[in-house]
Amino acid sequence: MLYFDVQFDQEPLGHEVEAMLWLTVAPAALADVGRALAAHPEVRFAAAITGQAGIVASTVHRNSGELYTYLSEKIGALDGVQAVETALTLRLVKQLAYDPGR
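Numbering (the numbering used here), first residue to last: 412 to 513.
These are computed hints drawn from the structure, not numbers from a lab. Heads up, a few of these hints could be off.
As the list claims (entries may be wrong) - Just the calculated beta-carbon pair ranges, DEER-fashion:
#1 439 x 505: 34 to 44 Å
#2 439 x 473: 10 to 20 Å
#3 485 x 439: 14 to 24 Å
#4 455 x 483: 11 to 21 Å
#5 500 x 449: 17 to 27 Å
#6 500 x 480: 33 to 43 Å
Idealized CB from N, CA, C, for every residue including glycine.
Sequences are here, hints too, so could you generate the full structure?
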């Protein structure tokens, strides 16, 4: 199987805030929460993981207010999400293929 993955700088598109979310999810809700996240345009990447959090997601937002709204309205509305830990990306030091210097 071959597929293409395009990576690009989000800032010119107005996405100035990047965040990593670790969602603690009830085991019975993992599949439903994963499918819901996959449909959110804010989510760049999401995966089921081992550990205390059941899902990790990388998200982009125009500003911190939009991130707050996303967390409180979209994530907060998902059945099975028990807690969310959020970390803002301060500086990207490596990305798989994208090189902003090119």
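Verification of the supplied hints:
1. 439 x 505: 34 to 44 Å: holds, 36 Å
2. 439 x 473: 10 to 20 Å: Given a distance of about 34 Å, which is not inside 10 to 20 Å, the answer is violated.
3. 485 x 439: 14 to 24 Å: For residue 485 and residue 439 the Cβ distance comes to about 20 Å; the hint holds.
4. 455 x 483: 11 to 21 Å: 20 Å Cβ-Cβ, so the 11 to 21 Å window holds.
5. 500 x 449: 17 to 27 Å: holds, 20 Å
6. 500 x 480: 33 to 43 Å: Violated, since residue 500 and residue 480 (Cβ atoms, about 18 Å apart) do not stay within the stated range.
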